[in-house]
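Respectively, the protein sequence lines represent chains B and L. Residue numbers in the first sequence follow my numbering, run continuously in steps of one, and reach 198 at the last position. Residue numbers in the second sequence follow my numbering, run continuously in steps of one, and reach 215 at the last position.
Please keep in mind that the hints were generated in silico from the structure rather than gathered at the bench. Treat the hints with caution; some may be incorrect.
As the list claims (entries may be wrong) - Just so you have them, the derived chain L footprint on chain B, three or more residues with Cβ under 8 angstroms:
| id | segment |
| --- | --- |
| 1 | 7 to 18 |
| 2 | 42 to 49 |
| 3 | 94 to 101 |
| 4 | 175 to 183 |
Note that the Cβ used here is the ideal one computed from N, Cα and C, for glycine as well.
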Amino acid sequence: MAAGTQARCARCRRVLATRPAVPPDLPLALACTAAIAYLIANLLPMMDLSVVGRFATTTIAGGAVQMWREGQMATAVLVLFCAVLAPGCYILFMLMLLLALRRTPPPSWVGELLRWIAHLQVWSMVEVMMLGVLVALVKIAELATVTPGMGMFAFGAVVLLLPAITLTFDDRDTWARAAWVDSDAQRLAAAPIPEQRK
Amino acid sequence: MSGMATGAATAGGVGLVSCETCQLLARPARAREAGYCPRCGERLESRRHASIETTWALVISAAICFIPANALPVLNTTALGSTSGDTILSGVEFLYTSGSWPLALIVLVASFMIPLGKIVALVYLLITIQRRSSLGNRERTRLHRMVVFIGRWSMLDVFVDTFTVALVQLSPLMSVAPGPGVVFFAAVVVLTMLAAESLDPRLIWDFEPAQVRRG
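Please model the entire structure based on the sequences and the hints provided.
Here's what the structure looks like:
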């Protein structure tokens, strides 16, 4: 497969594989930016509320903590996982992976990391949370004055950066370079294919 | 490309299994027990183990949780001493009457129509697979892909409630607490996501009649 091309399933037309045509360091640059934006988004308040001289403010984790205090432990854990832990681990693992891939041959744990990243992607819901925060903002705006905080803008950047990393990262090429669990099979597979009987 | 669409060789047809994690084509160790992928160590499966049974169990649990999720309040608002409960649908109504109908539509679609649509779509896929249907395979595959893709968006209401609760803590003036409906609603979202993941879309293609295949 040439860079910048796609392969589709002949039967259901799904894109099976893409080779992004981007400079190889672009995903790493995006992941570094995402890590910084993620830290800002989680440390600074998402929004401030003020009504008749009283103020309230919250971060993302603060939202989950409040749910826990109100007795909704399961929901709090789910929110914390989908909005904070999963995207955070995704960025961290991606950084580790991209740095590790600069070595040749890449370390043996690259495959394991890639498997974890695929699972984390399903449960990282930053874009859903962003919309949820905006809806909450509009709802509360009826009752009080709300202003989006610095954390909100940083979070917006994370929402845009995460799919950008996924799109520019070539997982197919990474699997091709990763060390196999079964090293004997890898040696066999690398050997020239013998003439096959029809 | 469409010419080879139905006549293409399949991995199963030539005795190979594709790894679901790293897409490596591997020769299974034995026909019954395929073993593990030599590259990434994932269990090799031609079709996911007990896919239909697992998906049915998860879908039925989700359908049961869907009832309390909509009947019980998700938010309890206490303003100046009086408490009122808000269900998901009355939250939509509040958004609509307060003038932001685009948001009302987003919440209605994300928290009511998507979970319900997902349950209906998964039941339809399960029944057609069990009836060994070979009609509209491509459309049914697309439906499954849509259910997987869209599933995460029904988490929207959980996030809306969390941030409303976190921010509106101005007692004694006004405070908002989560209601018992939230946990059921979150359960519906998680269960339908797991159900969509456990359904193996390759099962849809297993009953293609031979005469349809064009060489």
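Outcome of the hint check:
Given as covered by chain L, the segment 7 to 18 of chain B passes the check, having 8 residues with a CB less than 8 angstroms from a CB of that chain where 3 are the minimum. Look at the segment 42 to 49 of chain B against chain L: 3 of its residues bring a Cβ nearer than 8 angstroms to a Cβ of that chain, three or more, so the hint holds. Taking a C-beta to C-beta cut-off of 8 angstroms, the segment 94 to 101 of chain B contributes 0 residues in contact with chain L, too few for the three needed, and the coverage statement is violated. Residues of the segment 175 to 183 of chain B lying with their CB closer than 8 angstroms to a CB of chain L number 5, which satisfies the three-residue condition for coverage.
The earlier numbered hint that this structure contradicts is number 3, and it is the only one.
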